[in-house]
Each structure stands twice: as C-alpha cells, then as structure tokens.
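*Asks:* Sequence:
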Amino acid sequence: MTSLLKTLENEQATVALGQQIAQWMVPPLTLYLTGDLGAGKTTFSRGIIQSLGHKGAVKSPTYTLVEPYEFDDMDVFHFDLYRLSDPEELEFMGIRDYFTNNSICLVEWPNNGHGLLPEADIHLHLRYKESQRQVELNALTPAGQAIIDKLK
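UniProt numbering numbers the first residue of the sequence shown as 1 and each following residue consecutively.
These are calculated hints, taken from the structure and not from any lab test.
Just so you know, these numbers come straight off a predicted model, no measurement behind them.
Positions of the beta carbon are idealized from the N, C-alpha and C atoms, including for glycine.
Don't take every hint at face value.
DEER-style ranges, computed between Cβ atoms [as the list claims (entries may be wrong)]: (1) Arg96 to Ser60: 18 to 24 Å; (2) Thr7 to Arg96: 35 to 41 Å; (3) Tyr128 to Arg83: 28 to 34 Å; (4) Glu130 to Arg96: 26 to 32 Å; (5) His54 to Arg83: 33 to 39 Å; (6) Pro28 to Glu136: 28 to 34 Å; (7) Arg127 to Glu88: 40 to 46 Å; (8) Lys59 to Pro118: 36 to 42 Å; (9) Gly56 to Gln145: 18 to 24 Å; (10) Ser60 to Lys152: 40 to 46 Å.
No farther apart than 25 Å at their CA atoms in a straight line, the calculated lysine-lysine pairs in the DSS-like style are these [unchecked claim]: (11) Lys6 to Lys152; (12) Lys59 to Lys152; (13) Lys6 to Lys129; (14) Lys152 to Lys129.
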C-alpha cells in the first residue's frame, strides 16, 4: 500500500481535503486520525461530515467519545478517544456496534483504543510545518488505496 504527503496552507485547505476525500468514501470505511492537539483532526472531520450533508456544527466528541451522524445511505461516527483512560471503556459503550457495513468511522487518537478497534483503511497523520500543516495519508487496505489513488 502507498502513502501520500500533502501540505495544507490553512484551515480551509484542511476542510477542503476532507471534502475531497468524502466524495469517494463508501461504507464500510475506517479512518484513523493522529497528530498533536490542534493539528486539524476535527477540522478535517468537519470537512468530511459537512460534505456528506450534515448542516450543523461539527464539534469534537472529546467528552462524549463519539458523535453520530445519520444520513440516508450511511452512518458516520466521529470518535475522539483523547480522554479515554482505559481501552476497556470502549467495551462498555459497545464499540463493535459502531463498525458496521453501513458505517464510516473517523477515529481521533486511535492509539488510546488499541486492541479494541478494527484496523483502519486509511491512517491520516497531521503535523505542524511552520505556519502550515502537513498531512500524511497511508492506505492500509484496498478500499483506502482506492481513495489515495484518486487524490494523486
């Protein structure tokens, strides 16, 4: 599988990348989003979720762990596991019920759920690069590879 490196000039470019990727997303699909606090994980997720048709605000589910979005043809679950102290907490919330054939799952801080999450199709890592952001996308499955191929 391949990877792709892109530079994002600002917040609008981060949202635009999410919008671009959203047009090729087909369930089931899982994206892992990693990077430092403030690197743009939720901003990227907002681009995806609003592009799929959500009209309201997209907030980080830092305190709720998951924010669901229902669409006609799919469910999108936006996870933020930053505050998760023990991966076993995911068992209590029924984590496996979210990863269905009809869902797209965006998982921020996936390392905090290690061992209880399914493998990702794409691992997206955001990092600071001076006043910009750099994003590295790694395809981990054929479904993820198909999306990255379209981005090139």
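*Asks:* All hints, please: hold or fail.
*Replies:* Quick rundown of the hints versus the structure:
1. Arg96 to Ser60: 18 to 24 Å: Given range 18 to 24 Å: holds, Cβ gap about 23 Å.
2. Thr7 to Arg96: 35 to 41 Å: Distance hint for Thr7, Arg96 holds at roughly 37 Å.
3. Tyr128 to Arg83: 28 to 34 Å: For Tyr128 and Arg83 the Cβ distance comes to about 22 Å; the hint is violated.
4. Glu130 to Arg96: 26 to 32 Å: 41 Å, violated
5. His54 to Arg83: 33 to 39 Å: Because 23 Å falls outside the window, the suggested range is violated.
6. Pro28 to Glu136: 28 to 34 Å: Given range 28 to 34 Å: violated, Cβ gap about 23 Å.
7. Arg127 to Glu88: 40 to 46 Å: Given about 30 Å between the Cβ atoms, the range is violated.
8. Lys59 to Pro118: 36 to 42 Å: Violated, since Lys59 and Pro118 (Cβ atoms, about 24 Å apart) do not stay within the stated range.
9. Gly56 to Gln145: 18 to 24 Å: 32 Å, violated
10. Ser60 to Lys152: 40 to 46 Å: 29 Å, violated
11. Lys6 to Lys152: 10 Å, holds
12. Lys59 to Lys152: The given pair, whose Cα atoms are some 29 Å apart, is violated under the 25 Å limit.
13. Lys6 to Lys129: Between Lys6 and Lys129 the Cα gap is close to 11 Å, so the pair holds against 25 Å.
14. Lys152 to Lys129: Holds - the C-alpha atoms of Lys129 and Lys152 are around 21 Å apart, at most 25 Å.
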